[in-house]
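Novice: Going down the list, the protein sequences come from chains A and B. So the first sequence is numbered by the numbering used here: it starts at 1 and just counts up by one. So the second sequence is numbered by the numbering used here: it starts at 1 and just counts up by one.
Everything labelled a hint here was simulated from the structure, so no lab data went into it. A virtual CB, placed ideally from N, CA and C, is assigned to each residue, including glycine. Where hints are given, some of them may not hold.
To be verified - Each computed DSSO-like pair below joins lysine-lysine, with the alpha-carbon atoms no more than 27 Å apart:
| hint | chain 1 | residue 1 | chain 2 | residue 2 |
| --- | --- | --- | --- | --- |
| 1 | B | K221 | B | K311 |
| 2 | B | K131 | B | K311 |
| 3 | B | K51 | B | K176 |
| 4 | B | K71 | B | K282 |
| 5 | B | K130 | A | K249 |
| 6 | B | K205 | A | K335 |
| 7 | A | K65 | B | K296 |
| 8 | B | K51 | B | K311 |
| 9 | B | K255 | B | K316 |
| 10 | B | K131 | B | K296 |
| 11 | B | K176 | A | K65 |
| 12 | A | K249 | B | K131 |
| 13 | B | K51 | B | K221 |
| 14 | B | K282 | B | K296 |
| 15 | B | K282 | B | K311 |
Stated by the list, open to error - Counterexamples of contact, computed for chain A against chain B with all Cβ distances above 12 Å:
| hint | residue |
| --- | --- |
| 16 | A31 |
| 17 | A37 |
| 18 | L127 |
| 19 | V135 |
| 20 | L145 |
| 21 | V187 |
| 22 | I197 |
| 23 | V229 |
| 24 | E256 |
| 25 | E264 |
| 26 | I288 |
| 27 | A340 |
| 28 | N389 |
What the hints assert, rightly or not - Not close to chain A: a few residues of chain B, all C-beta gaps over 12 Å, as computed:
| hint | residue |
| --- | --- |
| 29 | A23 |
| 30 | K75 |
| 31 | F87 |
| 32 | K131 |
| 33 | R188 |
| 34 | L252 |
| 35 | G312 |
| 36 | I317 |
| 37 | R323 |
| 38 | I336 |
Below are the chains, spelled out letter by letter.
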Amino acid sequence: MASTAPKSTRSLASLDWLYDPKTRAIIFQIALLVGVAVLIIEIVLNTAANLRAQNIATGFGFLHKPSGFDISQTLIPYSSTSSYGRVFWVGLTNTLLVALLGIVLATVLGFVIGLARLSANWLVARLATVYVEIVRNVPLLLQLLAWYFTLLISLPSPQADFRLPLGIGVSNRGIYLPAPVWRPGMVAVIVALIAGIAGAVAIGAWARRKRLETGAQVPAFWYGLAAVVVPPLLVFLALGAPMTFEVPKLGRYNFEGGLVLLPELIALLLGLTLYTAAFIAEIVRGGIEAVPRGQKEAARALGLRPWQVQRLVVIPQAMRIIIPPLTNQYLNLTKNSSLAVAIGYPDLVSVFAGTVLNQTNQAVEVILITMGVYLGISLLTALAMNWFNARMALVER
Amino acid sequence: MRHATVIFALAAAAFVTTAARAATLAEVKDRGELRCGVNIGLAGFSAPNDKGEWQGLDVDFCRAVASAIFKDPTKIKFVPLSAKERFTALQSGEIDLLSRNTTWTMSRDTEQGLNFVGITYYDGQGFLVKKSLGITSPAQLAGASICMQTGTTNELNVADYFRTRGLSFDPVVYEKNEEAINAYNLGRCDAYTTDSSGLYAQRIKLADPDANEVLPEVISKEPLGPVVRQGDDEWANLVQWTLFAWLNAEELGIKQANVDEMLSSPNPEIRRLLGVEGDFGKGIGLDDDWAYRIVKNVGNYGESFERNLGKGSRLKIARGLNRLWTNGGLHYAPPIR
Numbered sequence: 001m002a003s004t005a006p007k008s009t010r011s012l013a014s015l016d017w018l019y020d021p022k023t024r025a026i027i028f029q030i031a032l033l034v035g036v037a038v039l040i041i042e043i044v045l046n047t048a049a050n051l052r053a054q055n056i057a058t059g060f061g062f063l064h065k066p067s068g069f070d071i072s073q074t075l076i077p078y079s080s081t082s083s084y085g086r087v088f089w090v091g092l093t094n095t096l097l098v099a100l101l102g103i104v105l106a107t108v109l110g111f112v113i114g115l116a117r118l119s120a121n122w123l124v125a126r127l128a129t130v131y132v133e134i135v136r137n138v139p140l141l142l143q144l145l146a147w148y149f150t151l152l153i154s155l156p157s158p159q160a161d162f163r164l165p166l167g168i169g170v171s172n173r174g175i176y177l178p179a180p181v182w183r184p185g186m187v188a189v190i191v192a193l194i195a196g197i198a199g200a201v202a203i204g205a206w207a208r209r210k211r212l213e214t215g216a217q218v219p220a221f222w223y224g225l226a227a228v229v230v231p232p233l234l235v236f237l238a239l240g241a242p243m244t245f246e247v248p249k250l251g252r253y254n255f256e257g258g259l260v261l262l263p264e265l266i267a268l269l270l271g272l273t274l275y276t277a278a279f280i281a282e283i284v285r286g287g288i289e290a291v292p293r294g295q296k297e298a299a300r301a302l303g304l305r306p307w308q309v310q311r312l313v314v315i316p317q318a319m320r321i322i323i324p325p326l327t328n329q330y331l332n333l334t335k336n337s338s339l340a341v342a343i344g345y346p347d348l349v350s351v352f353a354g355t356v357l358n359q360t361n362q363a364v365e366v367i368l369i370t371m372g373v374y375l376g377i378s379l380l381t382a383l384a385m386n387w388f389n390a391r392m393a394l395v396e397r
Numbered sequence: 001m002r003h004a005t006v007i008f009a010l011a012a013a014a015f016v017t018t019a020a021r022a023a024t025l026a027e028v029k030d031r032g033e034l035r036c037g038v039n040i041g042l043a044g045f046s047a048p049n050d051k052g053e054w055q056g057l058d059v060d061f062c063r064a065v066a067s068a069i070f071k072d073p074t075k076i077k078f079v080p081l082s083a084k085e086r087f088t089a090l091q092s093g094e095i096d097l098l099s100r101n102t103t104w105t106m107s108r109d110t111e112q113g114l115n116f117v118g119i120t121y122y123d124g125q126g127f128l129v130k131k132s133l134g135i136t137s138p139a140q141l142a143g144a145s146i147c148m149q150t151g152t153t154n155e156l157n158v159a160d161y162f163r164t165r166g167l168s169f170d171p172v173v174y175e176k177n178e179e180a181i182n183a184y185n186l187g188r189c190d191a192y193t194t195d196s197s198g199l200y201a202q203r204i205k206l207a208d209p210d211a212n213e214v215l216p217e218v219i220s221k222e223p224l225g226p227v228v229r230q231g232d233d234e235w236a237n238l239v240q241w242t243l244f245a246w247l248n249a250e251e252l253g254i255k256q257a258n259v260d261e262m263l264s265s266p267n268p269e270i271r272r273l274l275g276v277e278g279d280f281g282k283g284i285g286l287d288d289d290w291a292y293r294i295v296k297n298v299g300n301y302g303e304s305f306e307r308n309l310g311k312g313s314r315l316k317i318a319r320g321l322n323r324l325w326t327n328g329g330l331h332y333a334p335p336i337r
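Given only the sequences and the hints, what does the whole structure look like? Please build it.
Specialist: The following block contains the structure:
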């Protein structure tokens with residue numbers, strides 16, 4: 001072996017670059033990239049060829065064809081003569097509605113329960129613990145079905161004409177709210193409201209500057225609230241109340257007119273909110289408990305009041321721990337909203353990946369679009385939360 | 001399950017080569033069992049009985065095809081499918097044959113890689129309502145909430161029906177029939193709509209069947225029949241002639257009980273059907289006594305109808321349009337010769 005070594009070294013000298021770890025790494029990377037690209041191209045071409053061979057229609061032309069079916073809840077104008085593309089937007093807006101409302105409600109409830117678990121009151125803390133342990137350990141689908149069928153059983157039939165104050169009609173077909181009817185002058189009220197909000201922001205900035213310069217506390221919150229509420233109210237009254245409410249009337253089968261909250265929507269919101277709130281509560285509790293004791297003690301030693309300790313010292317530090325896992329819960333809630341299909345709520349998966357897929361049978365296109373949408377929503381949510389997280393992050397001085 | 005099927009179909013569409021698709025019969029024989037897609041549970045058409053055996057007209061048709069191919073009618077794997085899953089399962093090759101109260105429509109037959117081979121049941125879409133509403137026609141349901149199943153022609157028909165009359169209604173659409181009928185039962189809807197046969201089947205499952213009635217008017221044509229994949233003509237022929245043999249057996253009076261005596265019948269039509277004369281099995285890749293086995297194992301079409309849907313069942317559906325043409329119905333099978 002030893003005698004042949006010099007010879008081989010010489011013959012391989014020209015291949016030295018091959019033994020350079022850097023070059024090798026690049027070569028492997030390129031090889032992997034080419035391999036993946038070839039695999040993807042092969043899958044796409046083979047799928048297209050197979051669909052063609054089976055005489056299954058392909059392409060996205062179906063999005064322009066009329067759908068021919070009706071949908072129970074549409075936030076944008078829609079009828080059975082609208083296109084499949086329109087069905088997509090109806091489904092998407094219905095999904096976003098549930099996701100947004102669910103996120104807001106679950107966050108509020110989650111924080112309340114999370115704080116309740118840390119409460120010094122024995123009963124409150126135990127009740128919160130029981131809630132969290134029960135709700136997060138029962139599958140969400142079962143909770144949704146339980147809420148849905150409970151609602152259908154316990155709410156009265158429309159014929160009973162059961163009313164809450166303000167003419168709100170309650171039945172197992174939905175909760176019918178009086179719908180606002182806008183008259184021309186309402187635009188001025190909206191302008192006044194926007195001006196009021198701008199004023200409140202300005203008051204906030206002024207109060208902050210004054211505090212930094214002189215140390216004087218200004219009740220900015222109350223001033224701001226007044227700026228938001230008073231001008232639109234004055235304009236509204238001055239123009240003789242340019243908005244009325246259309247109270248739902250009882251028709252032959254259902255309430256008619258007004259804004260309706262379908263029992264499917266209510267059940268889905270209840271299920272998603274209560275389920276996700278249990279997880280958020282744990283995240284909040286964990287985040288607050290993770291703030292070192294010394295921080296609180298130091299804050300108290302500086303003479304801050306208990307609520308100031310919480311608001312100025314504990315919560316800002318806890319938020320840094322809470323936000324990343326909170327983002328996960330928001331993403332989960334959005335994705336879990338696709339369980340809507342089980343209880344007849346017309347979300348994206350139900351109307352688009354369900355009905356449209358079945359009527360056109362273009363499974364590949366429909367599923368790709370649907371997956372793309374969930375990916376898009378999730379990435380946007382993550383992006384927004386990352387931005388928020390960066391703002392809340394510890395700024396080292 | 002639902003997602004699994006869709007993902008399976010996508011994966012299958014991506015990787016399975018079509019070359020293996022052509023010879024479904026050879027594939028079924030090699031595998032030693034027929035994979036037949038049926039309804040998850042629709043009394044009279046396809047539902048497991050209390051012993052866990054599948055029963056119904058659609059199920060019997062699967063058994064007829066299995067009987068024609070194998071000596072043994074039990075060589076079947078029943079694959080229960082929802083309305084939404086059924087076509088993907090057939091396209092992807094998960095099943096060989098779809099026998100699941102499926103309406104024959106042009107777009108399904110021409111654009112979706114499917115091939116309808118005949119009609120096993122002439123149906124029409126109807127409405128189930130509470131008797132207490134006191135209505136006689138679906139047009140009186142304007143403004144009502146109507147429960148139905150997603151992914152069906154029913155969803156489209158009901159939209160057409162109300163639109164052409166300038167009326168509106170509130171659709172409440174569920175993925176599974178059980179959820180739709182359950183919601184109707186709990187008062188979420190004023191009416192439940194599906195094919196009439198299905199209405200009778202669902203009505204007997206309600207808490208109080210007698211408080212509900214099926215409206216006499218139907219709003220659509222729903223010819224239900226077996227479906228195969230496009231592109232395998234031999235297989236389509238086999239399934240189609242199984243159906244024709246099933247119908248011809250009834251027309252010729254060949255029953256499960258008398259099929260052995262019929263072997264010695266002098267009637268040439270009977271002799272050809274049962275394989276005593278001629279070699280008609282060869283053309284569809286089977287033995288000549290293929291049709292004999294169908295009647296021996298399953299009975300003829302009429303026997304299956306009465307057993308599952310008619311007088312012998314809890315549904316008590318009148319044969320109506322589903323009588324043979326000789327009795328004033330629509331079933332008319334081409335001759336075996």
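Novice: Now look at each hint and say whether the structure bears it out.
Specialist: The hints, checked one at a time:
1. B:K221 x B:K311: holds (24 Å)
2. B:K131 x B:K311: Holds, at about 24 Å.
3. B:K51 x B:K176: Given that 27 Å is the threshold and the Cα spacing comes to 23 Å, the pair holds.
4. B:K71 x B:K282: Holds, at about 16 Å.
5. B:K130 x A:K249: holds (23 Å)
6. B:K205 x A:K335: violated (34 Å)
7. A:K65 x B:K296: violated (48 Å)
8. B:K51 x B:K311: Holds, because 22 Å separates the two Cα atoms, which is no more than 27 Å.
9. B:K255 x B:K316: Roughly 21 Å separates the two Cα atoms, so the pair holds.
10. B:K131 x B:K296: Answer violated: B:K131 to B:K296 is near 43 Å, above 27 Å.
11. B:K176 x A:K65: holds (26 Å)
12. A:K249 x B:K131: holds (24 Å)
13. B:K51 x B:K221: Measuring from Cα to Cα gives roughly 35 Å; hence the hint is violated.
14. B:K282 x B:K296: holds (20 Å)
15. B:K282 x B:K311: violated (37 Å)
16. A31: holds (23 Å)
17. A37: holds (16 Å)
18. L127: holds (31 Å)
19. V135: A:V135 is indeed farther than 12 Å from all Cβ atoms of chain B, at 23 Å.
20. L145: Non-interface label on A:L145 violated, nearest chain B Cβ at 8 Å vs cutoff 12 Å.
21. V187: A:V187 is indeed farther than 12 Å from all Cβ atoms of chain B, at 31 Å.
22. I197: holds (38 Å)
23. V229: A:V229 clear of chain B: closest Cβ-Cβ about 38 Å, beyond 12 Å.
24. E256: The claim breaks: A:E256 does not keep its Cβ more than 12 Å from every Cβ of chain B (closest is about 7 Å).
25. E264: violated (8 Å)
26. I288: Holds, since 38 Å exceeds 12 Å.
27. A340: Violated, because the least Cβ-Cβ distance between A:A340 and chain B comes to about 10 Å, which does not exceed 12 Å.
28. N389: holds (32 Å)
29. A23: holds (15 Å)
30. K75: With a cut-off of 12 Å, B:K75 remains clear of chain A, as the shortest Cβ separation is near 26 Å.
31. F87: violated (5 Å)
32. K131: holds (15 Å)
33. R188: The assertion about B:R188 is violated, with a minimum of 5 Å to chain A.
34. L252: Consistent with the label, B:L252 stays out of reach of chain A, its closest Cβ about 36 Å off (over 12 Å).
35. G312: Its Cβ never comes within 12 Å of chain A, the nearest being 34 Å, so this holds.
36. I317: Answer for B:I317: holds, closest chain A Cβ roughly 26 Å.
37. R323: holds (32 Å)
38. I336: B:I336 clear of chain A: closest Cβ-Cβ about 29 Å, beyond 12 Å.
Hint check: violations occur at hints 6, 7, 10, 13, 15, 20, 24, 25, 27, 31, 33; the rest are consistent with the structure.
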